[in-house]
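Protein sequences appear in the order of chains A and B.
Reminder that position 101 of the first sequence reads as 101 in the numbering used here, one-by-one numbering, no gaps.
Add 1000 to a position in the second sequence, counting from 1, and you land on the number used in the numbering used here.
No lab work stands behind these hints, which were simulated from the structure alone.
A hint or two may mislead.
Claimed, not checked - Chain A side only, calculated, beta carbon under 10 Å to chain B, not exhaustive:
#1 Tyr-25
#2 Lys-101
#3 Ile-102
#4 Gly-105
To be verified - Over the 12 Å line for every Cβ pair with chain A, so calculated as not near, a few chain B residues:
#5 Val-1019
#6 Asn-1077
#7 Ser-1086
Where a beta carbon is used, it is the ideal one built from N, C-alpha and C, also for glycine.
The lines below spell out each chain.
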Amino acid sequence: AQSVTQLDSQVPVFEEAPVELRCNYSSSVSVYLFWYVQYPNQGLQLLLKYLSGSTLVESINGFEAEFNKSQTSFHLRKPSVHISDTAEYFCAVSDMNRDDKIIFGKGTRLHILP
Amino acid sequence: ETGVTQSPTHLIKTRGQQVTLRCSSQSGHNTVSWYQQALGQGPQFIFQYYREEENGRGNFPPRFSGLQFPNYSSELNVNALELDDSALYLCASSSFGVPTGELFFGEGSRLTVL
Chain A
1 AQSVTQLDSQ
11 VPVFEEAPVE
21 LRCNYSSSVS
31 VYLFWYVQYP
41 NQGLQLLLKY
51 LSGSTLVESI
61 NGFEAEFNKS
71 QTSFHLRKPS
81 VHISDTAEYF
91 CAVSDMNRDD
101 KIIFGKGTRL
111 HILP
Chain B
1001 ETGVTQSPTH
1011 LIKTRGQQVT
1021 LRCSSQSGHN
1031 TVSWYQQALG
1041 QGPQFIFQYY
1051 REEENGRGNF
1061 PPRFSGLQFP
1071 NYSSELNVNA
1081 LELDDSALYL
1091 CASSSFGVPT
1101 GELFFGEGSR
1111 LTVL
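Start from the sequences and build out the full structure, keeping to the hints where you can.
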């Protein structure tokens, strides 16, 4: 069975500063990895995903995440955050060979300070 | 293209009652997954429906049950409600067999059990 650990429940960061949201997973099988974002009063939406190929994946709004198999990590980074990035971020994993469920971490609330 | 819609958006029940939550999947999607998101937690997988049958289930008791209809819409039923069932219930649709793992979420139904 897979599991996801997001060690930081909240991350405060000043506007225009860099940020890293940490995610570690455990699995005995090959996995797909995802970051979902939940803006205030909205549903979850996919931010970026790793399926195969390049271990560095990017979103359209400047976030990136790197799949590190040896460290079983998929940390999310952005070099310069904006107030509009205020949201809760969820790391998620699914079994590459199954198509039934995606397992989510507990989430990290990104709080942008002016 | 219509997105995932859920109803009702909010509801209040008392212990022991039963509740039915509804979900219309995004057009073109044939699979519906249900998640429970308790306050301050990540979404927990309840079950998935494909071709009107349950296709995978998380660690939830049998009093959580579901249906999928020929038009791919779905219902989540919870019997004998308990206080701990208070949560945001999220429905997500996807295309089975397309290994992108991307789920499209509705905005959820917030259930309060008193």
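Would you check whether Ile-102/A satisfies its interface hint, that is, whether its CB is within less than 10 Å of any CB in chain B?
-> holds, 6 Å
**Message:** Just want to verify: Asn-1077/B was marked as not at the interface with chain A; is every Cβ pair farther apart than 12 Å?
**Reply:** Non-interface label stands for Asn-1077/B: nearest chain A Cβ at 19 Å, farther than 12 Å.
message: Just to be careful: measuring from the Cβ of Lys-101/A to every Cβ in chain B, is the smallest value less than 10 Å?
response: Hint holds; Lys-101/A Cβ to chain B Cβ min 4 Å, cut 10 Å.
message: Over 12 Å from every CB of chain A: does Val-1019/B meet that, or does the non-interface label fail?
response: Nearest chain A Cβ is 20 Å from Val-1019/B, so the label holds.
- Can the hint on Tyr-25/A be confirmed by a CB-to-CB distance to chain B that is less than 10 Å? violated, 13 Å
| message | Minimum C-beta separation from Ser-1086/B to chain A exceeding 12 Å: can you confirm that? | response | Fine: 17 Å to the nearest Cβ keeps Ser-1086/B off the interface.
Closer than 10 Å between Cβ atoms is the bar; does Gly-105/A clear it against chain B? Give me holds or violated. Result: holds, 5 Å to nearest chain B Cβ.
Hint compliance for this structure: hint 1 is the single one not met.
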